[in-house]
Amino acid sequence: SQQGEEDPQALSIQEGENATMNCSYKTSINNLQWYRQNSGRGLVHLILIRSNEREKHSGRLRVTLDTSKKSSSLLITASRAADTASYFCAISGYSTLTFGKGTMLLVSP
Amino acid sequence: NAGVTQTPKFQVLKTGQSMTLQCAQDMNHEYMSWYRQDPGMGLRLIHYSVGAGITDQGEVPNGYNVSRSTTEDFPLRLLSAAPSQTSVYFCASTSGTGEPYNSPLHFGNGTRLTVT
Chain A
12 SQQGEEDPQA LSIQEGENAT MNCSYKTSIN NLQWYRQNSG RGLVHLILIR
62 SNEREKHSGR LRVTLDTSKK SSSLLITASR AADTASYFCA ISGYSTLTFG
112 KGTMLLVSP
Chain B
210 NAGVTQTPKF QVLKTGQSMT LQCAQDMNHE YMSWYRQDPG MGLRLIHYSV
260 GAGITDQGEV PNGYNVSRST TEDFPLRLLS AAPSQTSVYF CASTSGTGEP
310 YNSPLHFGNG TRLTVT
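From first to last, the protein sequence lines are chains A and B.
Last residue of the first sequence: 120 in our numbering, with the numbers rising by one and none dropped.
Last residue of the second sequence: 325 in our numbering, with the numbers rising by one and none dropped.
Pulled out of the complex, with its shape left as it was, chain A reads as follows (with noise of 0.2 Å):
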């Protein structure tokens, strides 16, 4: 199975900056998928991109998707305190759906 790798490992911004992280795969897709991890929580689920969709918007976060370069992004805009998380991307291949190593976002005050 495939896993898609997350850049950066970590990220600390300010409160009302934007914050950026990458996932890289190596293998062909159905789809991607970004979740966050608050501390001491379950994985919740935020985005889902097919791979025939370039890009998506919920609220203040919006993913790309690049299938010819294999990376994904995930941008949150004018970021706040509680976006303070662990960020995956899961690729979902044709059995699998594999998760990344994550990356950890803190938003500072």
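Derived by calculation from the structure, the hints in this document are not laboratory data.
Be aware that one or more of the hints could be misleading.
Unchecked claim - Derived CB-CB ranges, DEER-like: (1) B/Met-250 with A/Arg-61: 24 to 30 Å; (2) B/Ala-291 with A/Arg-65: 41 to 47 Å; (3) B/Asp-265 with A/Pro-120: 41 to 47 Å; (4) A/Asn-63 with B/Ala-211: 23 to 29 Å; (5) B/Pro-270 with A/Ser-69: 31 to 37 Å; (6) B/Asp-247 with A/Asn-33: 20 to 26 Å; (7) A/Thr-75 with B/Met-250: 44 to 50 Å; (8) B/Ser-278 with A/Arg-65: 42 to 48 Å; (9) A/Gly-70 with B/Lys-223: 43 to 49 Å; (10) B/Gln-266 with A/Ala-92: 39 to 45 Å.
What the hints assert, rightly or not - Here are some chain B residues the structure puts well away from chain A; computed CB gaps all over 12 Å: (11) Val-221; (12) Leu-222; (13) Asn-237; (14) Glu-239; (15) Ser-242; (16) Ala-261; (17) Gly-262; (18) Gly-272; (19) Ser-289; (20) Ser-293; (21) Thr-303; (22) Val-324; (23) Thr-325.
Unchecked claim - Chain B side only, calculated, beta carbon under 10 Å to chain A, not exhaustive: (24) Leu-254; (25) Asn-311; (26) Phe-316.
Where is the CB? At the ideal position from N, CA and C, for every residue including glycine.
Since chain A is already given, all that's left is putting chain B on it; use the hints.
This is chain B only, laid out in the frame that chain A set:
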């Protein structure tokens, strides 16, 4: 609607002991799965089930057993605990509708297991 419920939240075992991690969902989801999360390793799939009576192995199944007698419940059994099984365990489910990996997963809040 409680979603996915995992019990217990914390557990300490001695090497060689057995235990069952419970997972229940009230969303009538056909697909259920177990992941373990270790520092620097991300989440790794242990076992999954696409419906009652059907289970299959994931990436790291050794040392774990599962069964799926009802749609709601998907317990994970550690037969003889080892320190390498110290981890945080997450149960997740999705409606799937025949394509579970193309649907968002709903996660429980995890069981933190320590094996000494």
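So, going through the hints one by one against the coordinates:
The hinted range of 24 to 30 Å is satisfied by B/Met-250 and A/Arg-61, whose Cβ atoms lie roughly 27 Å apart. Range check, B/Ala-291 to A/Arg-65: Cβ separation about 46 Å, and the 41 to 47 Å hint holds. Between B/Asp-265 and A/Pro-120, the C-beta spacing of about 46 Å keeps the proposed range 41 to 47 Å intact. For A/Asn-63 and B/Ala-211, the hinted distance range of 23 to 29 Å is not satisfied, since their beta carbons lie about 35 Å from each other.
Distance hint check: the CB atoms of B/Pro-270 and A/Ser-69 are about 34 Å apart, consistent with the given range 31 to 37 Å. Look at B/Asp-247 against A/Asn-33: about 23 Å separates their beta carbons, and that is inside 20 to 26 Å. At about 27 Å, the beta-carbon gap between A/Thr-75 and B/Met-250 misses the expected band of 44 to 50 Å. Under the hint 42 to 48 Å, the C-beta atoms of B/Ser-278 and A/Arg-65, about 43 Å apart, fit the expected range.
Look at A/Gly-70 against B/Lys-223: about 47 Å separates their beta carbons, and that is inside 43 to 49 Å. One distance hint, 39 to 45 Å for the beta-carbon pair B/Gln-266 and A/Ala-92, holds here, with the actual separation near 41 Å. Against chain A, the non-interface label of B/Val-221 holds: every CB pair exceeds 12 Å, the least being about 17 Å. Against chain A, the non-interface label of B/Leu-222 holds: every CB pair exceeds 12 Å, the least being about 20 Å.
Here B/Asn-237 stays apart from chain A, with its beta-carbon at least about 18 Å from theirs, past the 12 Å limit. Non-interface call for B/Glu-239 relative to chain A: holds, since the shortest CB-CB distance, roughly 15 Å, exceeds 12 Å. A beta-carbon of chain A is positioned within 12 Å of the beta-carbon of B/Ser-242; the least distance is around 8 Å. No Cβ of chain A approaches the Cβ of B/Ala-261 within 12 Å, the least distance being about 20 Å, so the stated non-interface status holds.
Listed as a non-interface residue, B/Gly-262 keeps its Cβ farther than 12 Å from every Cβ of chain A; the least gap is roughly 19 Å. No beta-carbon of chain A is positioned within 12 Å of the beta-carbon of B/Gly-272; the least distance is around 19 Å. Every beta carbon of chain A lies more than 12 Å from that of B/Ser-289, the smallest distance being close to 27 Å; the non-interface claim holds. Consistency note on B/Ser-293: stated as away from chain A, and its beta-carbon is indeed over 12 Å from all of that chain's, at 19 Å minimum.
Once the 12 Å rule is applied to beta carbons, B/Thr-303 is inconsistent with being away from chain A; the minimum gap is 9 Å. The beta carbon of B/Val-324 sits about 20 Å from the closest Cβ of chain A, which is more than 12 Å, so the claim that it is off the interface holds. Every CB of chain A lies more than 12 Å from the CB of B/Thr-325, the least distance being 21 Å, so the non-interface label holds. Hint status for B/Leu-254: holds, given a least beta-carbon distance of 7 Å to chain A, under 10 Å.
The beta carbon of B/Asn-311 comes within 6 Å of a beta carbon in chain A, closer than 10 Å, and the hint placing it at the interface holds. Nearest Cβ of chain A to the Cβ of B/Phe-316: about 3 Å, under the 10 Å cut. The hint holds.
Violated hints, in rising order: 4, 7, 15, 21; the structure is consistent with all others.
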